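J.: Residue strings, one per chain:
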Amino acid sequence: MTQAIAESTPARAALRKQHSFRHGYVPGAQLEVDPSLAFHTVSDAAIDPITYEVIRSKLWNLNLDHGDTIRHVSGSSIVIEGHDFNASLTTELGDGVVFGPYAIFFAGCADVVIKWTLEHRSANPGIREGDVFIQDDPWVGTNHQQDTAVFAPVFWEGRLFAWIYNCVHQRELGGSEPGSFVTDTDDCFKEASFMPPIRLVDEGVLRDDILDAWTRRSRLPDLISLEVKSQLAGLNFARQRMRQILDEYGPARVKGAMHRMTENTARAVGRRLARLPDATWRDERYLCGAKTGDFGLYRICLSLIKRGDRLTVSNRGTAPSVGSFNVSPGMLRGSVLAALFPLLAYDQYLCGAGLLRQMDWEFEQGSITSASHPAAVSTSVGSMAVLNQAHYLGAKMIAGDPELSSRALAPCAIHTLSTAGLKGLDQYGQPFLDSPLDGIAGGGGAFTDRDGMDHAGPICGVIVPITDIETSERKIPMLYLYRRELPQTGAHGQWRGGATIVAAWIGHRTNAAFASNGGLLQSVTQGLSLNGALPATGGRNWYAQGTAVQAWLREGRVPADPEELRAMAPDGGMAPPKSLDIRLMPDDVFEIIPNPGGGFGDPLLRSPELLQADLRAGRLPRAQAERFYGVVLDDAGSVDVEATAARRQAVRAERLAQSRPPREPVEGRVEPGGARGLLAGVVLADTAAGPAQACRHCGRLLATAAGCYRLGCRELEDDMTALSEFHLDPAEQAGQRLVLRRYVCPGCALALDAELCRPEDPPYVDLTLA
Amino acid sequence: MKGEGRYLVGVDIGGTFTDCAIIDSDGGITTGKVPTVPADLARGFFASIDAAAGSLGLDAERVLASAAKLAHGTTAGTNALVTGRVARVALLTTRGHPDAIRIMNDMGRALGASIEEQLDWSISSRPEPIVPRRQVFEITERVDYAGDVVVALREDDVEATLERFADEGIEAVAIAFLWSFANPAHEIRTRAIVQRRFPDLYVSCSHEVAPRISSYQRTTATVMNAQIGPLMRAYIDRIADGARRRGYRGPLLMAQCDGGLLPADAARELPIGTLQSGPVGGIAGAAKASSAVGDPDVIVADMGGTTFDVGAFSGGVLRRRNESVIERHLTHLRKVDIESVGAGGGSIAWLDRESGVLRVGPHSAGADPGPICYGRGGTAVTVTDADLVLGVLNPERPLAGGLRLDIEAARRAIAALGEQIGLDTLRCAAGIVEIVDRRMEDLLRRVTIQSGRDPRRFSLWAYGGASAAHVGLFAHGLGVKRVLVPLGETASVWSACGCALLDQQRRYETSTFLKTPFDLEALRAQLAQLEREARDYAELLGLGAGEYELERSGDLKYALQVFEVETPLPAGPVDDGWAERLIAAFEGAYADRFGPGTGYAAAGVTLTALRVVVRSTGRTPALRRPPAAAQAAPAPAGARSVFWKEHDAAVETPIHDGPELNAGARVVGPAVVEYPTTTVAVRPGQALSVHPAGHLVLDLEATA
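Listed in order, the protein sequences are those of chains A and W.
Be aware that the first sequence starts at 1, since it is given in the working numbering, and climbs by one per residue.
Be aware that the second sequence starts at 1001, since it is given in the working numbering, and climbs by one per residue.
Don't read these hints as lab results, they were simulated from the structure.
Just so we're clear, the structure is a prediction, and the values are computed from it rather than from any experiment.
Hints are supplied without guarantee of correctness; some may be wrong.
[Unchecked claim] Distance windows between CB atoms, simulated: (1) W/Ala1639 - A/Ala38: 49 to 55 Å; (2) W/Glu1339 - A/Ala38: 37 to 43 Å; (3) W/Ala1160 - A/Arg554: 56 to 62 Å; (4) A/Glu609 - W/Ser1055: 55 to 61 Å.
[To be verified] 20 Å max Cα-Cα, derived DMTMM-like pairs, lysine to aspartate or glutamate: (5) W/Lys1645 - W/Asp1424; (6) W/Lys1645 - A/Asp434; (7) W/Lys1557 - W/Glu1539; (8) W/Lys1645 - W/Glu1419; (9) W/Lys1557 - A/Asp434; (10) W/Lys1481 - W/Glu1701; (11) W/Lys1515 - A/Asp434; (12) W/Lys1481 - A/Glu248; (13) A/Lys475 - W/Asp1424; (14) A/Lys475 - W/Glu1580; (15) A/Lys475 - W/Glu1419; (16) W/Lys1557 - A/Asp222; (17) W/Lys1557 - A/Asp68; (18) A/Lys291 - A/Asp581; (19) A/Lys475 - A/Glu81; (20) A/Lys291 - A/Asp222; (21) W/Lys1481 - W/Glu1660.
No residue lacks a Cβ here, since even glycine has one placed at the ideal position from N, Cα and C.
Model the full structure from these sequences, guided by the hints.
T.: Below is the structure:
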């Protein structure tokens, strides 16, 4: 589906622009562009496979060089160490044929920014050779105000051939908090002001007035000026290189290769989607922590509606925007796209246009995940939450298919974003604001056939490192008591999540230092697991003040793990959430546990060999082995395989006895082998009465084809604190009672799905066949 | 460092072959190539010298007895790490911090992984920790960033740990405490306690192996040093003894990946420095040899069977980086800046069925089973198979080691691959070569641009077994000034040759953190200490004034930016004027590297490391391998059908016998020039000429 171009009229354009400024820009079926702009559309559709592969590789490398040029010129730690930027090459209509292996969610915003510019800047001030535009308007399409897009058209013989685009998280653009993340606000007026696409370079001439306007609002204007220049340098390099490639191969072949890249990706994604049954997969969940002092629960909803080889994404039902954790529609799109790349387009070298070509969108206007102006959007908290939600749901969608399931993985690091940082006076007597980034560390989610990777980092980027201890201690007035692996933290399941770390800091050589504890409330974990596995903890931040730690250190005693720390500071407790000024002096301790990975499959299915290895490696406390996995150990401490099998039968019986009966019971059983997968644990089987949803493990019928298996399952509810010492109680942290509800097959008692909900919530329908 | 002898001898042991280059006092070169003997590397070492000496009518004893220098680059340490055949190491860490090598600062999934592995989580992995948890022991002690002791060393902890060594079968010890480079007292004391109990145990301390900030990278370096320590100590001793027995009177010098040579007795304590020394020998040798050829600015490309190594230098000056990825672990290993990718003759061509696209790499058939045409069980089409089918490689000529090529098997496999995408056998083979060579061209461009250089100012030197057959294509789009295959046939043993040319050097460095305005007193003290150590070392080697030089540099960065730039320290006393000159030099170097106006000076400048390198100053002979033949323009030795994509056809192509070409000879493409271990493809529109010193110069835009 290629977009058509229509002539714009001033009246319609004004209306459309107004709408985009209020509710966010979404490109329509056709782009309305001023007729003065001529497009280069000649394309060699019959490009040979060798030339295609050579040009594809060249465009990939051009884009990497584009990114490297930005890194070199800016020297910014956010860009170089945090990889919080991206670069892209798009078609003349803004469709991104290649992105860099950096922050991938920028991929879903690039096209909307360029299409908006085509629609609303082609008449006035016009789009000409040598122009460069700059913008950071979240409602045109960026994550938050700091994410600054700089982009330029590439012309060939007077016709618009392509666009070069980059987007960089600029370090400081003003607003009420240094660094421009504003937690304590209800609207965007306390945040950095932002600008829709404006012309920064006018036919090759950098406009000082625009650059000044851009940098003037920052606390560090000279630094921001340098960051803008780094983005311009990247564009200039990429544009020059693009010219060389065009000269060498000719515009028709290059455009032919660009279209082929998109088509190949679209075909691959379409073929994969076509494997799946026509159905709607839906996720509903609570977020907590909209702003400082807010403990409300807010529902965010996402549906993946699959028909044929296409996928519609809808966030209908999501609660209205609130506090500071909202997401603009463009960023919803970017987040979903970033989440689906590794699931559906893992081998397509980040060709965003190809993936987007198979997708359609429905937005719940004014909601948390499609906020309307002037909602507050600067914190990125919602973006990471919706990215995680989309990744979870996408994985759930493909996990039932035998070919695609190998790409499914459970939630990874940052599923429940926690942003612990420090500020105050540093050891050199200077004011500082910094973070060692422990909060973004974390494990990878479980796969459908192996455990998740320890310390794998998040899904939102390719590499998101945390700072080395010594590097942090040299620039931040802190001393680590410990930073160690917590091997037992990976979520429980047939396949376990990857482990995370625990780190504890004290203030060091400072007269004034404070820790912040931002992000989502950790007790309302977003680390929901797949296919009946238990959820991962949302993390646990703990603190103690006025402790005896200095006396301990002088005496040669170092509290080196959480247990020893509790022994030293028995009065400590959970760190106050969304708090920015938790004292951290040399007698105070702040301990942080970020997110481990989610699991896959019912723990009762985990093999005794793996459990034995878990126990030996300290990855599983014995009590949890017995409780969740039904493990029985012999006198030598080894897994007794026979006794374990018997115990697991007993656990199943206990589950059936203790659980709530199905809300809509269904009787009967089929042979599940060979039936089409709907979810990892649910199949569509043929019965005499027509097709029906059944348990993949035992064949027990759960619902008619038109129903939902969840309603045919028994419901088993537990408090989160029952899962491990690392899981927090939402009642204690937020005053909200939430339970883990598992949907258990009434036949075999294996869990098929789970959610975190209020006890009174009815099950939401997570699967609807078309 | 002194030597009166006639010969410089370099030996490079690689995975497949052991190469020797003997350089006489006039710069004349003789080479030898023998198969590597994995079970007894020393045997291959001396066999290669015998082979080279044989060409001079001598034997190894005669050459070694009159050698001024015996330099050695080896993959022994690398191989030990790759295969895991390393010593069982106990890692002693600061209490509370046992897991830096497991956590890997959350980078483990990406380090050393291909882009395909990074994007597709289902094939993504993390490396095993370099030491299993049971061999990690926490010691109560703590030093802070300023070097002040926060928690005193608990010696009873160390003693208690030693009790567990026997059970764990510990063979070597790595001690890596936090901030040990700021205050090494606890590491030194711990080592003393270990050695009192176990005098023969190999012990590495992090403040000696890698005195730089970042505990993860310092720990991995220290552990790897200990892992290969016992093995390398024995290995180096065996070769040093063998050389002595054969009459060599100087010290065996081990090539280091930072581009210098270290005497055996120092190298055996820091064996980590020998990792990746082979490719470094190549580029460092090129830097040494380049000025004599009038090529101060060079991009080097070394294409072998499995890897493609790329580097660049300007004005003959090599650039180093302070970190390296070794076996997917990030480590503080300072090495000459070389980019290495998995692409070479062994790269596998495959059909991406999803997209109907031909792709090449990233997987490689390696040396074993290798390409299909090696007939050793390889079933995947490789670049070498394509070269053979195209006619570039001679099917009648066996490889070094006597291996005969099976062209029919290669042809069948490529035909089957081509059929699936509608290409005939020859066009499919040409496509494979085109794809891999264009990717190399892009990599070469990336490496030069990343180092802030314009490729058009550079010459390209191509060496390594497969380079000469491909350079005509991958150099094509770069726009380099000229392309040179150094010393022709010597190209295939260039790393050995490079080894022989290196100088002895040793580095003394300290990690620091001085913000402007610098604390000059602290700076003076740190610098004086380093210089003292460097001069003491020179004295130990018996070097007089004028026989060595001290090179002083610092790593500086803009306070709010990330990149550190190594900057030579100004001469003269350390005072305010000196500091100003240093900052000016840094700003100049930064602008040179990253472009004018890229530094943010308002927040000040930070000095993060000081370094003094002591280096012997020896004369480098101008290398030459003058052609022996008398004829300037000999007739081709034969002809065969070679497919050239420029003609989109196979054409009868003249084949020249390389050793028959005399200085000044010019071969116009299309042609193939064959040497015993190197094949040069002279593409249509290109021409090859022979430099008086024996280099082969490829003119990319020759008019026929």
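J.: Decide, hint by hint, whether the structure agrees.
T.: Hints versus structure:
Against the hinted window of 49 to 55 Å, the Cβ-Cβ separation of W/Ala1639 and A/Ala38 comes to about 53 Å, which satisfies the hint. Taking 37 to 43 Å as the suggested C-beta distance range, the pair W/Glu1339 and A/Ala38 conforms, at roughly 41 Å. Evaluation of the 56 to 62 Å hint for W/Ala1160 and A/Arg554 yields a failure: the beta carbon distance comes to about 21 Å. The beta-carbon spacing between A/Glu609 and W/Ser1055, approximately 59 Å, falls within the hinted interval of 55 to 61 Å.
The suggested pairing of W/Lys1645 with W/Asp1424 holds, with an alpha-carbon distance near 13 Å, which does not exceed 20 Å. For a cut-off of 20 Å, the pair hint linking W/Lys1645 to A/Asp434 is broken: about 57 Å separates their Cα positions. The straight-line distance between the Cα atoms of W/Lys1557 and W/Glu1539 is roughly 34 Å, outside the 20 Å bound, and the hint therefore fails. The suggested pairing of W/Lys1645 with W/Glu1419 holds, with an alpha-carbon distance near 18 Å, which does not exceed 20 Å.
As the CA atoms of W/Lys1557 and A/Asp434 are separated by approximately 18 Å, the hinted pair is consistent with the 20 Å bound. Under the criterion of a C-alpha separation no larger than 20 Å, the hint pairing W/Lys1481 with W/Glu1701 is consistent with the structure, at around 11 Å. Using a Cα cut-off of 20 Å, the hinted pair W/Lys1515 and A/Asp434 holds, with the two alpha carbons roughly 18 Å apart. With a CA separation close to 19 Å, the supplied pair W/Lys1481 and A/Glu248 stays within the 20 Å bound.
A hinted pair counts as satisfied when its Cα atoms are at most 20 Å apart, and A/Lys475 with W/Asp1424 does not qualify at roughly 62 Å. A C-alpha spacing of about 24 Å is found between A/Lys475 and W/Glu1580, which places the hinted pair above 20 Å, so the restraint is violated. Distance check on the hinted pair: A/Lys475 and W/Glu1419 sit about 61 Å apart at the alpha-carbon level, beyond 20 Å; violated. Annotation: proposed proximity of W/Lys1557 to A/Asp222 holds, straight-line Cα distance about 17 Å (limit 20 Å).
Straight-line distance between C-alpha atoms of W/Lys1557 and A/Asp68 comes to about 18 Å, which keeps the hinted pair within the 20 Å bound. Proposed proximity of A/Lys291 and A/Asp581 is supported: the alpha carbons are some 15 Å apart, at most 20 Å. Proximity of A/Lys475 to A/Glu81 is assessed by CA-CA distance (about 16 Å); at most 20 Å being required, the pair is judged to hold. The straight-line distance between the Cα atoms of A/Lys291 and A/Asp222 is roughly 31 Å, outside the 20 Å bound, and the hint therefore fails.
Proximity of W/Lys1481 to W/Glu1660 is assessed by CA-CA distance (about 27 Å); at most 20 Å being required, the pair is judged violated.
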